[in-house]
Amino acid sequence: MATSLDEPAAPARVDPAARPRRVRRSRAARPWLLLAGPLLVIAGLLLYPIVRVTVLSFQRYGLKEVISGKPEFIGLDNYREALSGDYLWKTVLPNTVVFAAVAVAGTVVLGTLVALLLQHLGPRLRALVIGSALVAWALPAVTGTYVWVWIFDPDSGIVRRTLIALGMLDPEGFNWFTDRLSFYAIAVLNVIHHGYPFIAITIFAGLSTVPEELHEAAKLDGANAWRRFWSITVPLMRPVFAVVTILSTIWDFKVFAQIYLMPGGDGSNPDVFNLGVWSYVSSINQNKYGLGSAIAVLLTLVLLVITMIYVRALFREDELQ
Amino acid sequence: MQTNLSTKTRNWMAVASIPVMIWTAIPLLWILATSLKGTDALADPTKNSFGNFWPKDPTLENYRVIFTGGASDLFNPALRNSIIVCLVATLISVILAMFCAYAISRLDFPGKKLILTTALAVSFFPVIAMVTPLFNLWRQVGLFDTIPGLIIPYLALTLPLSIWTLSAFFQQIPWEMEQAAQVDGATSWQAFRKVIAPLAAPGVFTTAIIAFFTAWNDFVFSSNLTSSNNSRTVPAALAFFTGASQFTQPTGAIAAAAVIVTIPVVILVLLFQRRIVAGLTSGAVKG
Numbered sequence: 001m002a003t004s005l006d007e008p009a010a011p012a013r014v015d016p017a018a019r020p021r022r023v024r025r026s027r028a029a030r031p032w033l034l035l036a037g038p039l040l041v042i043a044g045l046l047l048y049p050i051v052r053v054t055v056l057s058f059q060r061y062g063l064k065e066v067i068s069g070k071p072e073f074i075g076l077d078n079y080r081e082a083l084s085g086d087y088l089w090k091t092v093l094p095n096t097v098v099f100a101a102v103a104v105a106g107t108v109v110l111g112t113l114v115a116l117l118l119q120h121l122g123p124r125l126r127a128l129v130i131g132s133a134l135v136a137w138a139l140p141a142v143t144g145t146y147v148w149v150w151i152f153d154p155d156s157g158i159v160r161r162t163l164i165a166l167g168m169l170d171p172e173g174f175n176w177f178t179d180r181l182s183f184y185a186i187a188v189l190n191v192i193h194h195g196y197p198f199i200a201i202t203i204f205a206g207l208s209t210v211p212e213e214l215h216e217a218a219k220l221d222g223a224n225a226w227r228r229f230w231s232i233t234v235p236l237m238r239p240v241f242a243v244v245t246i247l248s249t250i251w252d253f254k255v256f257a258q259i260y261l262m263p264g265g266d267g268s269n270p271d272v273f274n275l276g277v278w279s280y281v282s283s284i285n286q287n288k289y290g291l292g293s294a295i296a297v298l299l300t301l302v303l304l305v306i307t308m309i310y311v312r313a314l315f316r317e318d319e320l321q
Numbered sequence: 001m002q003t004n005l006s007t008k009t010r011n012w013m014a015v016a017s018i019p020v021m022i023w024t025a026i027p028l029l030w031i032l033a034t035s036l037k038g039t040d041a042l043a044d045p046t047k048n049s050f051g052n053f054w055p056k057d058p059t060l061e062n063y064r065v066i067f068t069g070g071a072s073d074l075f076n077p078a079l080r081n082s083i084i085v086c087l088v089a090t091l092i093s094v095i096l097a098m099f100c101a102y103a104i105s106r107l108d109f110p111g112k113k114l115i116l117t118t119a120l121a122v123s124f125f126p127v128i129a130m131v132t133p134l135f136n137l138w139r140q141v142g143l144f145d146t147i148p149g150l151i152i153p154y155l156a157l158t159l160p161l162s163i164w165t166l167s168a169f170f171q172q173i174p175w176e177m178e179q180a181a182q183v184d185g186a187t188s189w190q191a192f193r194k195v196i197a198p199l200a201a202p203g204v205f206t207t208a209i210i211a212f213f214t215a216w217n218d219f220v221f222s223s224n225l226t227s228s229n230n231s232r233t234v235p236a237a238l239a240f241f242t243g244a245s246q247f248t249q250p251t252g253a254i255a256a257a258a259v260i261v262t263i264p265v266v267i268l269v270l271l272f273q274r275r276i277v278a279g280l281t282s283g284a285v286k287g
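Protein sequence lines, in the order shown, are assigned to chains A and B. Here the UniProt record's numbering is used: the first residue of the first sequence is 1, the next is one more, and so on. Here the UniProt record's numbering is used: the first residue of the second sequence is 1, the next is one more, and so on.
For the record, the hints were derived by calculation from the structure and aren't laboratory data. Backbone N, C-alpha and C define an ideal beta-carbon position, used for all residues, glycine too. Among the hints, a few may not be true.
Not everything, but these chain A residues come out facing chain B in the computed CB check (under 10 Å) [to be verified]:
#	residue
1	A136
2	I158
3	L214
Sample of chain A residues lacking proximity to chain B, with all beta carbon distances greater than 10 Å (derived) [unchecked claim]:
#	residue
4	L83
5	T91
6	G167
7	F174
8	T178
9	S293
Simulated DEER-style distance windows between Cβ atoms [unchecked claim]:
#	chain 1	residue 1	chain 2	residue 2	range
10	B	L199	A	S68	57 to 67 Å
11	A	G69	B	F240	28 to 38 Å
12	B	T9	A	A28	54 to 64 Å
13	B	I95	A	P211	31 to 41 Å
14	A	Y48	B	W23	38 to 48 Å
15	A	I74	B	P19	51 to 61 Å
Just need the whole structure built from these sequences, with the hints factored in.
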């Protein structure tokens, strides 16, 4: 896609010189006429919330201010409240960052393995695996989360029953959702399940661009599959791996519904909040819109940095081509 | 794909794909099984086989609850809202994205890369940061809890994605063929209809499916920008389900509703698997 950006546009249908100048000028404006609609929609939908949420983050905006309509400017107080104290640094940030790191690593590793598997399957089995993966990808996150919660239900979930039957769990059971670590282990299972199909299919498509002769030649030289993967596939596929890693990072940093809909994630268990949930609960549940907005701005800044890395990775890909 | 594999390796590969498929499929099967359990089977594991998994006595009770029973006044409007909101949002964003993608792939002007980068950056903007501002604005302008009030924010989810995917597709179209057809005597309408439209259709179609999935998936906008059956969509409505009595969980009804909202997705996936794969990968790999 990026390569064709630099190619000249298709020749004009009629020689431009044969047309009056007015028409030619309208030609120069044509891209912007086409772009005006989409760009206006994007600008409106993006700029308004960004400006508004930034303004809110500098205000005291609670129930009282909602009713009076007169918010008070309090400078950086909301940021101070969010950034000071242990809660952000010991609970929310580790929840966000460690969860994202584990989920990204899991998604990319599993996606790669499934992609390699797909490459070696026969057409029928491949269609079956891709089909079930696509259904998992398209399953709404809300319903997906409900299922994982049921599977791990402390009373009647299949996991509890299986573990008790195997003698690996005491009959009184265990509530996995109250403990932060097991809560996030379930969230990781859910998010990887939902996220790996996209990664697997992207990497699978990328694998088909690796010339087979390279593998053949390396094989003749005695390189085993493991060696060939690291010495041929990985270097050639570096841009693809960069793209899927950064995309997953962004998705997993802003995971919201999957946490919020788990027991305790809706505000009752502050131990399990991530940045998104914390922002949401502060705003919507506690009516501290100023604080919630400040946290949202912090999350946006983190995502912005990752996006910039992503864009740079894409441009580097251009230069390679 | 690769011919140099021994039968033994192939068999191992087939074996290896089994756990992947099981892990992928279990949540889907689990919803289905739960939706077929009656109230007694949900409460009593002995009424199910395979370790509380499949009901011994499958029943459509839960589907009756959501379509004609206790949850129907919640579910039916939500399903209608979901369909309307997602279809309209998809239609608008695909049409707008077509203008954009056409300009980017066909016309020569500076700033193409900037536009694509902006579209990408927008899709990374966290939804929770948009909810509070939109909530306040929608209350002021009267869009709160209306269908358009949900379609507009859904465009923020679907439009950047559509621009990104469709641009990738349109740049693969050999536009010179349009001229070639005209040289051969076709009118410009014929050239568009017979040459360009068939080439562009799969991309447009795939983009529409991906955009639809994204909108269908939304929970945050729908649960915060709606307050009644006027516009609430299914993912948000699930939270309002209640059990048959005060003391029972609405698990069965939620499962049945989840099956119903997943069915269109499954049908689309099975029918258009190849196209979706092409659409998913065109944006990222060739990005």
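A quick look at each hint next to the structure:
At a threshold of 10 Å, the smallest CB-CB gap from A136 of chain A to chain B is about 5 Å, leaving the interface hint in force. Annotation: interface hint on I158 of chain A holds; nearest CB of chain B at approximately 6 Å, less than 10 Å. About 13 Å separates the beta-carbon of L214 of chain A from the nearest beta-carbon of chain B, more than 10 Å, and the hint is not met. With a cut of 10 Å on Cβ distances, L83 of chain A stays outside the contact zone with chain B, its closest approach being about 17 Å.
Consistency note on T91 of chain A: stated as away from chain B, and its beta-carbon is indeed over 10 Å from all of that chain's, at 18 Å minimum. Non-interface status of G167 of chain A relative to chain B is upheld: no Cβ of that chain comes within 10 Å, the nearest being about 14 Å off. For F174 of chain A, the condition that its CB be more than 10 Å from all CB atoms of chain B holds, with the nearest at approximately 17 Å. For T178 of chain A, the shortest C-beta to C-beta distance to chain B comes to about 18 Å, beyond the 10 Å cut-off, and the non-interface label holds.
Look at S293 of chain A: its CB is around 6 Å from the nearest CB on chain B, not clear of 10 Å, so calling it non-interface is violated. For the pair L199 of chain B and S68 of chain A, the beta carbons lie near 59 Å from each other, so the given range of 57 to 67 Å is met. A C-beta distance of roughly 30 Å is found between G69 of chain A and F240 of chain B, which places it inside the suggested range of 28 to 38 Å. The supplied range of 54 to 64 Å is met by T9 of chain B and A28 of chain A, whose beta-carbon atoms lie about 59 Å from each other.
In this structure, I95 of chain B and P211 of chain A meet the distance hint of 31 to 41 Å, their C-beta atoms being roughly 40 Å apart. For Y48 of chain A paired with W23 of chain B, a C-beta distance near 42 Å keeps the hint of 38 to 48 Å intact. I74 of chain A and P19 of chain B have their C-beta atoms about 55 Å apart, which keeps the hinted 51 to 61 Å range intact.
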